[in-house]
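We have chain V already, so just place chain P on it with the hints.
Protein chains in written order, with the working numbering: chain V, 37 to 355; chain P, 2 to 411.
If you're looking for bench data, these hints aren't it; they were derived computationally from the structure. This structure is a prediction, so every number in the text was calculated from the model and none was measured. Any given hint could turn out to be false.
Listed next, the in silico DSBU-like pairs over lysine-lysine satisfying Cα-Cα at most 35 angstroms (straight line) [said to hold, decoys possible]:
no.	chain 1	residue 1	chain 2	residue 2
1	V	Lys129	P	Lys378
2	P	Lys314	P	Lys339
3	P	Lys103	V	Lys129
4	V	Lys129	P	Lys239
5	V	Lys129	P	Lys77
6	P	Lys233	V	Lys129
7	P	Lys354	P	Lys314
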Amino acid sequence: MDRQTAGELPLAAPPRVTTATAGARRWRSLREALTGYGFAAPYLLLFTVFLAAPIVASLVISFTDFSLGAIDDPADARFVGLQNYRDLAADEKFRSAAVNTAYFVAAGVPLTMAAGLAAAVGLNSQVVRFRALFRVGYYTPVVMSIVAIAVVWRYLLDVDVGLLNNALEAVGLPRVAWLSTPGLAMPSIILIAVWRNLGFAMVIFLAGLQGIPQETSEAARIDGAGRWQEFRHVTLPLLRPTLAFVAVVTSAGYLQLFEEPFVMTGGGPVDRTISVAMHMYEQGFGFFNLGYAGAIAYVLFVAILVLTVLQLRLFRSAT
Amino acid sequence: MRSMRWLAAVLAAALLAACGGGGDEGGGTDQPTTITVWAMGAEGEKLNTLATEFTRQNPSITVRVTPITWDVAHQKLITSVAGRQTPDVSQLGTTWMAEFAKLGALEEVPDSIKAADFFEGAWNTNVVEGKAIGVPWYVETRVLYYRTDLASKAGAKMPPASWQELQDAATKIKKVTGKYGIGMLPNAAGTWQEFMPFVWQNGGDVVDASGNPTLNSPQVVEALEQYTAFYKQGLAPKNATQGFAVESGFVAGDYGMFFSGPWHVGILNDTGKRIEGKWAIAPMPREQAGTSFVGGSNLVVFNASNNKDAAWKFVEFAARPETQALWYKTVADLPANKAAWDSGELAAQEDLKVFRAQLDDAKSAPSVATWEQFAAKMNDQIERAALGRSTPQEAAAAMQQDAQGLLLQK
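So here's chain V without its partners, still in its complex pose:
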């Protein structure tokens, strides 16, 4: 990023002029810096206006009672210190949302990674035919509209008209209300998320696998390692940076779970699939309790930050 924008571009060759005075040099470096900032300016401007400012504003708002009454005149909002955060601690719905989100991440991330890795290893071996076809097949859900996917799955899983239940009935099994049985709704959503996201993990793992030198694997095989031993002691350790990347990106994405429950269950049954992001949306844009929603946003932000740091630690310390 800084390489492309600041410095090197305007200079075609290193300066060889021996007569350059200190003043001229300073002028040149200033001009270089200005050129650099010039190139960076459009991005910096957009970043400040659309990201940095709202991020700071929402932090400030999270310490106020900003709600409907303050919408037309923000001066009506009062600072309430940590009240929003204290209210959150007592909010039963937030507690369910936090538990559900943790469940989704704890089960969904390992499953997605395992499925993605399995697909990548399979496609990387020379055994499988029609590899391009499989690669497209696994990756397609990633680029499809998530809302469209959620709507289609809602139909597929429906208790009365769903294809899956029709199939179950055809082989003599009872119909199951996947999305409206409290204990089954979240597992259903997790499986759909795994199916949707394993393609992304697979592509990254494939790149990682192709970066493992052939010699290492060969050496392991010559030393008498079986397939599993080779995978466990050669492939996995060498994939560590890739694993870390996929774990961090997938976790950060999964912590923001929203569309699937929003479209498929509306957070039900009995709040068993409501997520932190959904609760935040409902409070912020449904009821316009923006102070409270800001507090939820910052709790979620801290959770993502902590989990990311922990994961990076975990994957680094073992090397």
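Using the frame of chain V, we list chain P on its own:
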């Protein structure tokens, strides 16, 4: 050079348009005026019919219609108030009135529009802290839909006159369908609208005359007992999936009754031959009263409007009996103005007579700015009780606590 001239022309046009749109003061009858009207869903799509008729009668006023979808309407309207970019006139959901009143965004209704012309329940949704800030546009109320074929096969007495008869009918119909008796929605956004009639029918309410919550009253507990009994006895499906329509099971014959509003007449007629002539509608069962829920939409004028006179003229036009009858023909919205029901199809048709009668005994939610927020919590408690996760007493106590926190706060 040429592009410069083109640019100048565009700028000049934009300037003229800007002056034409916002510059008029007062909207005198002869001065050409444009008013903006926002409307949702089917109303938004068809409103041009009314706009054309209005401009024919008032050639100096042009109506610009902006259709918006229901799912974004609430947000869009709130943001427009925050950004001071409101339309002149808008359609508002009946449960949103207090919120916009709290924002101080709405004009008070002029004396020329009379409360007595409209259904009382519908008019009351416009009254916030004693002031009328909107005019009922169209109404809807819930009635009982039932399958005549299944009911007669089951030997059920139709229509049920009391809760007991309703439950007996559901039990008998269940024996015929083999699945359920009545279709209900324990986990929908509108669950409270299905539940509140039971409370009103039993003489209970959300708040008393002075605005204090009364949700832990015996009337509410009994209403919850009756409502949840349908689920506990397997008479109603517990696991209706989010987003699925109640009529599918009705058409398929999984159950023989459900509560809904006038839109289901059209939906059931559109399902074709399968149940043609095999269903009917009836008023709510009576316990202490036969009260139903009244919803619909109101028309409001924003106080940020520069053309208030023209805006009220449009609202008055839309609320007139002739216009309401025309509007019924256009989108089948039921008129809020009682006089519109006195002639034509609205006076003659059997189904419509049921709605007309029910509208005389229909209530709405109290006009409180935090109502939607409370309603979401109320839905949670109803669902918990319906699924047997809490007793009716516990659910009522929890509702009362939520109401004290949300409905009393100013």
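Evaluated hints:
1. Between Lys129 (chain V) and Lys378 (chain P) the alpha-carbon distance is near 10 angstroms, which keeps this suggested pair within the 35 angstroms criterion.
2. Distance check on the hinted pair: Lys314 (chain P) and Lys339 (chain P) sit about 20 angstroms apart at the alpha-carbon level, within 35 angstroms; holds.
3. At roughly 26 angstroms between alpha-carbon atoms, Lys103 (chain P) and Lys129 (chain V) fall within 35 angstroms of each other, so this suggested pair holds.
4. The suggested pairing of Lys129 (chain V) with Lys239 (chain P) holds, with an alpha-carbon distance near 21 angstroms, which does not exceed 35 angstroms.
5. Between Lys129 (chain V) and Lys77 (chain P), the direct Cα distance comes to roughly 26 angstroms. Compliance with the 35 angstroms bound is thereby established for this hinted pair.
6. Proximity of Lys233 (chain P) to Lys129 (chain V) is assessed by CA-CA distance (about 25 angstroms); at most 35 angstroms being required, the pair is judged to hold.
7. A C-alpha spacing of about 30 angstroms is found between Lys354 (chain P) and Lys314 (chain P), which places the hinted pair at or below 35 angstroms, so the restraint holds.
Hint check: no violations occur; every hint is consistent with the structure.
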